[in-house]
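Protein sequences appear in the order of chains A and B.
Quick note: the first sequence, position 170, residue 170 per the numbering used here, numbers continuous.
Quick note: the second sequence, position 164, residue 164 per the numbering used here, numbers continuous.
Treat the hints as calculated values from the structure; they're not laboratory data.
Do not take every clue at face value.
[To be verified] Result set (PhoX-like, lysine-lysine): computed pairs, CA atoms no more than 25 Å apart in a straight line: (1) B/K152 x A/K7; (2) A/K111 x B/K203; (3) B/K184 x A/K26; (4) A/K7 x B/K153; (5) A/K173 x B/K146; (6) A/K26 x B/K71; (7) B/K146 x A/K3; (8) A/K173 x B/K181; (9) B/K153 x A/K3; (10) B/K181 x A/K26.
In this text, all values refer to a predicted model and were calculated from it rather than measured experimentally.
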Amino acid sequence: MKKITIKQMIFCGLFAALTAVGAFIKIPIPVLPFTLQFLFTMMAGLLLGGEMGACSVFIYMFLGLAGLPIFTEGGGIGYIIKPTFGYIIGFCIASYVTGKIANKVKNPTYKRILGANFIGLIIVYSLGMIYYYIICNFVINAPIGVWPLFLYCFILAIPGDILLCLISALIYKRLIPVINLFR
Amino acid sequence: MLKDITLGQYVPGESFIHKLDARVKIVLTFVYIIILFIIDQTINYALFTIFTAMLVFLSRVPIGFILKGLKPMLFILSFTAVINLFMTQGETIWSYHIVGSWSLEITKEGIVIAVLMLLRLLYLVIGTSLLTLTTSPLMLTDGIEKLLEPFKKIGVPSHEIAMMMTIAIRFIPTLAEETDKIMKAQMARGADFESGNIVRRAKAMIPLLVPLFVSAFRRADDLAVAMESRCYRGGDNRTRMKQMKATYRDAVAGAVVTLFCLVLIVNEIIL
Numbered sequence: 001m002k003k004i005t006i007k008q009m010i011f012c013g014l015f016a017a018l019t020a021v022g023a024f025i026k027i028p029i030p031v032l033p034f035t036l037q038f039l040f041t042m043m044a045g046l047l048l049g050g051e052m053g054a055c056s057v058f059i060y061m062f063l064g065l066a067g068l069p070i071f072t073e074g075g076g077i078g079y080i081i082k083p084t085f086g087y088i089i090g091f092c093i094a095s096y097v098t099g100k101i102a103n104k105v106k107n108p109t110y111k112r113i114l115g116a117n118f119i120g121l122i123i124v125y126s127l128g129m130i131y132y133y134i135i136c137n138f139v140i141n142a143p144i145g146v147w148p149l150f151l152y153c154f155i156l157a158i159p160g161d162i163l164l165c166l167i168s169a170l171i172y173k174r175l176i177p178v179i180n181l182f183r
Numbered sequence: 001m002l003k004d005i006t007l008g009q010y011v012p013g014e015s016f017i018h019k020l021d022a023r024v025k026i027v028l029t030f031v032y033i034i035i036l037f038i039i040d041q042t043i044n045y046a047l048f049t050i051f052t053a054m055l056v057f058l059s060r061v062p063i064g065f066i067l068k069g070l071k072p073m074l075f076i077l078s079f080t081a082v083i084n085l086f087m088t089q090g091e092t093i094w095s096y097h098i099v100g101s102w103s104l105e106i107t108k109e110g111i112v113i114a115v116l117m118l119l120r121l122l123y124l125v126i127g128t129s130l131l132t133l134t135t136s137p138l139m140l141t142d143g144i145e146k147l148l149e150p151f152k153k154i155g156v157p158s159h160e161i162a163m164m165m166t167i168a169i170r171f172i173p174t175l176a177e178e179t180d181k182i183m184k185a186q187m188a189r190g191a192d193f194e195s196g197n198i199v200r201r202a203k204a205m206i207p208l209l210v211p212l213f214v215s216a217f218r219r220a221d222d223l224a225v226a227m228e229s230r231c232y233r234g235g236d237n238r239t240r241m242k243q244m245k246a247t248y249r250d251a252v253a254g255a256v257v258t259l260f261c262l263v264l265i266v267n268e269i270i271l
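Let the sequences and hints guide you as you build the complete structure.
Okay, here's the thing in structure tokens:
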């Protein structure tokens with residue numbers, strides 16, 4: 001691994017803090033309240049680049065597990081046995097992939113950013129569902145079928161996140177000139 | 001509320017467990033988790049109950065805090081118990097006919113498995129939250145840095161990871177406040193965050209998020225300049241004000257846990 005510069009380190013830390021704040025901004029919609037975590041983790045990948053974005057999400061995950069109440073429902077190591085923890089692992093990997101794809105060119109088009117975001121979305125959901133399935137079937141011994149899993153973890157939750165993908169592309173496009181100033 | 005975030009679940013105190021070295025506590029917590037998933041015998045569960053109760057007593061953490069930590073887990077705990085209670089096949093002791101060939105059944109094996117499962121998850125949450133209840137996030141970060149140090153050779157930037165965590169902890173309240181400020185400023189200019197359908201609401205987030213990111217960049221830049229001008233250069237040869245030192249306490253704790261593990265494993269093999 002290359003040496004991490006001071007600036008990269010600070011950006012990583014700040015984005016972990018931003019993600020934590022994002023978990024507090026809740027948009028109340030019917031069925032499931034959804035938070036901006038996903039948006040911030042995507043932005044971390046887009047703005048900081050793949051490695052650093054994933055690093056910042058990793059820091060966020062670590063802090064949450066260390067007991068800071070920064071996940072959607074609190075924090076603590078016990079969160080590992082929550083079936084929804086897989087989404088947080090998914091955020092980390094999705095952030096890496098999104099950042100890698102979008103930052104391949106200097107000034108990405110909307111099409112590229114959106115593509116990168118949707119690939120990230122797919123990663124988050126597949127990891128989230130796999131984790132959900134594993135925890136339910138093997139850890140807490142409560143078998144769940146594939147179809148209910150799909151309904152509960154995918155169909156009900158995905159519209160909000162598709163929206164977040166679109167919005168993060170919009171925001172990123174606006175922020176490109178700004179981040180170039182600070183780089 | 002903001003102050004609560006940075007402290008996490010930490011309850012300040014002077015107990016034996018509070019005074020243990022953070023590194024030792026982290027390692028022992030991992031041992032605790034592993035052993036919890038190995039044991040299977042009823043007698044071992046009984047021993048484990050005593051052990052956990054002893055830990056809680058030693059930590060002097062008010063029981064209310066521990067219960068508070070269990071609250072977010074309540075759903076998954078009860079869900080697990082109920083599913084296991086009704087879904088396990090075996091000797092039926094109670095059944096309730098619903099309709100057709102559908103009926104609810106409670107079996108002897110179901111009760112046993114439900115109770116053991118519940119205990120396992122319960123101890124997992126209690127034991128691990130004891131770590132975060134008795135160790136402040138900053139001490140934990142320090143401990144993690146020290147534990148990761150041997151991995152530096154294979155390229156794990158242990159000092160940088162710890163520094164990033166510290167920065168994140170430091171900036172969560174600041175950025176939360178900033179978000180609030182920007183939200184109010186935009187509301188004063190007529191922004192509407194609370195009405196309309198979901199698309200409209202999500203769109204309303206843009207005027208909040210763009211300034212938030214810009215201000216975060218500015219802060220990061222200021223901090224980088226401040227650190228660079230003070231010649232900050234990472235972990236090598238850096239001294240610290242509070243050195244971590246393992247004392248006789250840590251040796252005692254390690255010995256007790258090792259002994260306990262041995263007893264459990266021997267039980268598991270013999271029975």
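* Which earlier hints can't be squared with this structure? -> When the structure is compared with the hints, only number 5 turns out to be violated.
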